[in-house]
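Can you build the whole structure from these sequences, using the hints too?
If you're matching them up, the sequences are chains B and D in order.
Read in order, the letters of the first sequence correspond to residues 1 to 277 in the working numbering.
Read in order, the letters of the second sequence correspond to residues 278 to 568 in the working numbering.
Keep in mind that the hints are not guaranteed to be accurate.
In silico DSSO-like links for lysine-lysine, alpha-carbon gap of 30 Å or less [stated by the list, open to error]:
1) D/377 <-> B/108
2) D/491 <-> D/377
3) D/564 <-> B/108
4) B/73 <-> B/220
5) D/491 <-> D/564
6) D/564 <-> B/7
Please keep in mind that the hints were generated in silico from the structure rather than gathered at the bench.
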Amino acid sequence: MISLEHKVVVRRLAVVLSLLAPISFVAFPYFWMTLCSFSSEKDLFSDQFLPSQLTLSHYVHLFERTPFFIQFKNSVIVAVAATLICLAISTLAGYSLSRFRQRWSFEKAMLIIYMIPPVLMVIPILLVFSRLHLTNTYLGLALGHSSFMLPFSALTLAAYFNNIPPTLDEAAMVDGSGRLGALVRVVLPLALPGIAATGVIIFANSWNDYLFAFTLMATKNMQTLPVGVAEMADGQTLQWGIIMSAAVMITAPMLLFFLLVQRKLLAGFIFAVTGEK
Amino acid sequence: MNNLSMERRQVLFSYLLLAPLLIMVAVIALYPLIYAVVLSFTDRDLFSTGMHFIGLENFRTLAESPEFWRATVNTFVYAGSCTIAQIVLGLATSLLLVQKFRGNYYFRAILTFPYLVPTIVAVLVFQWMMNDVFGIVNRLLIWSGIIDEAIGWFGVERAMFSVVLVSVWRFFPFAIMLFVPALEAIPGELYEASEVDGATAWQRFWHITLPGIKEVMWVIVVLRGIWMFNMFDIIWLMTGGGPIGKTQILPVYSFLQAFQEYEIGLGSATATTGLVILVILMGFYFKVGKK
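Quick look at the structure:
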C-alpha cells in the first residue's frame, strides 16, 4: 500500500530529477568555464577531467598583460550612459503612455522597430555618427545602444506605471503638486523596483553588445570588453585559460546584478512584452 | 494658455512627455532605417562619400547570386529551428518549474541566468567545450563509449547544429521567463475538476494548459522569431558564416558585404531584403493567428 503522502514525495522527487537535465545543460558551461580559468595550461590540455591543482596565473596574465581594465572601464562608462539616457527618456514617455490615452497604438509602432535587423541599422548609424564626430566616443556608442533599447524600456516602464493607481497622482495634485511633481514624488518611488529591473536589462544589453561596439569604436583604447575578448580569441594559438578567465570576469557583474533583481526581472518581462498587468 | 481647454492642455502635456522619446526614435532609429533603405539603391562604398543611384541593380545582383539564396535558406533553417527548440525546451522546463518543491526558487534563478550572459561568453565557452581535440564534450563522449573518435563540431556537417545549440542555450531562458507566470495564472480548479473527471495527463495538457498559455506562446513566437531571424553575433563570432558558407545567414552576409568588401550599398540591400521577408512573414503570421 502506498499512502497519499508517499505519492506526493515520489512525484516531487521525479520533478526535481527531471529538472537535473536542463539544469546541467544550463549550469555546466559556467562550472567548466570557472574551473578552466583556474586550471594550469598543462592540465587544460591533459587527459584528466579535473585539474591537479588550482592557479591564479591566467587572471594575473589577464590583469597585467592585456588591456582588460581599460576595456572594463570603457564598458562600464558606455553601459551606465546608455542606462541613464534610456531611463530618463522612457520614464517620461512611460508615464505619458500609462496616464494618457494616445490616439495611435504605440505598441504596434514599437513592434515595427523591434523588427529592424541591427545589422541594417549599424551601417547608416556609422555614416551619420561619423559625420557628427560621434564615432569612437562613449556618447556615440551609448546612443547606438539606446537605439534598440528605448522602445523596450518605454513599454516596460509604462507597464510598471499602470500598476500604480492614478488616484495617487490625483491626490498629490490636489495637495498642490503639478503633474511632474506627482510623478517625481509619488509615482517614481513606488515604481523604483521596476525601474531598477528595467535599468539592469538596459545595462546588460549594452554590456553584452558586440555589433555596435565593434563598428562604432575604431581605436584600441576605446574598445569595450566583448570586442576586446573576441579579438583575444581570434589569434592562431589560443590561450584558453586566459580566455576563460576573461569570460568569468565579463560574466561576474551580470551575476551580481542578476542576484539583486532576479524576482523583478521575471515579473518585468511579462509586463513588457504582453502589456498584461 | 488660458484659452486652451483642460483637455487640450492634457493632450499637449502628454505629448510633451513623449517628445524626447519620439525625437530619439526618429533620429537614431527611423532616420537610419530610411537612410539604409535609400543606400540599398546606391553603389555607395565604405570609404568614398560619393554615390550613384543605380535603381534595382543591387537587388538584381542578389537575385542572381547563389550565395544570397543559400544565406536566405540558412536564415530560415537557423531561425526556425532555434525558435522551435527554445519553445519546446522552455515549455517542458517551465512545466516542471511550476510544480511545488523545495528549492524551486534557486532552480528558477539558475535556469534564467543565461539570458543576461554576454553572447561572447556563450560563444567562447562552447568553442572551448566543443573543441575537437581538447574539448570536454568529445572527451566525455569518448570516455563513456558513445562515440569512438572525436567529432568536429564546427565542421561542414555539424556547424549549423552547433550554432543552434549555443543559441538555444543562450536564449531559451526567455521562454521560461514568460511561460512560468502564464502557467501559474491558470486556475488550479480547472486541473482539479479534470482530475475528478478522470482526464489523463496528456488530455489535461492539451485541453487546459495549452489554451491557458496560448497568448504568451503567441508573443514568444513573434519575439523569438524576429530576434533569431535578425541574430548576428552568435554566428559571426562562432563560425563567421563558415565553413564554406554552411552557417551563412543574411545578417552575417550583409555585414561581410558592407564591412569586408566595403560595398555598403549591396550590404544594405541584403539587410533590407531580410527586413522585407520578416515583415511579410509576420504579417502572414498575424493574419493567420487572428482567426
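Hints versus structure:
1. The straight-line distance between the Cα atoms of residue 377 of chain D and residue 108 of chain B is roughly 37 Å, outside the 30 Å bound, and the hint therefore fails.
2. Proximity of residue 491 of chain D to residue 377 of chain D is assessed by CA-CA distance (about 23 Å); at most 30 Å being required, the pair is judged to hold.
3. Between the alpha carbons of residue 564 of chain D and residue 108 of chain B the distance comes to roughly 15 Å, so the proposed pair stays at or under 30 Å and holds.
4. A threshold of 30 Å between alpha carbons decides the hint, and for residue 73 of chain B with residue 220 of chain B the separation of about 13 Å falls inside it, so the pair holds.
5. A hinted pair counts as satisfied when its Cα atoms are at most 30 Å apart, and residue 491 of chain D with residue 564 of chain D qualifies at roughly 16 Å.
6. Of the supplied pair hints, the one linking residue 564 of chain D and residue 7 of chain B is violated, its CA atoms being roughly 46 Å apart against a limit of 30 Å.
Taken one by one, the earlier hints fail for this structure at numbers 1 and 6, listed in ascending order.
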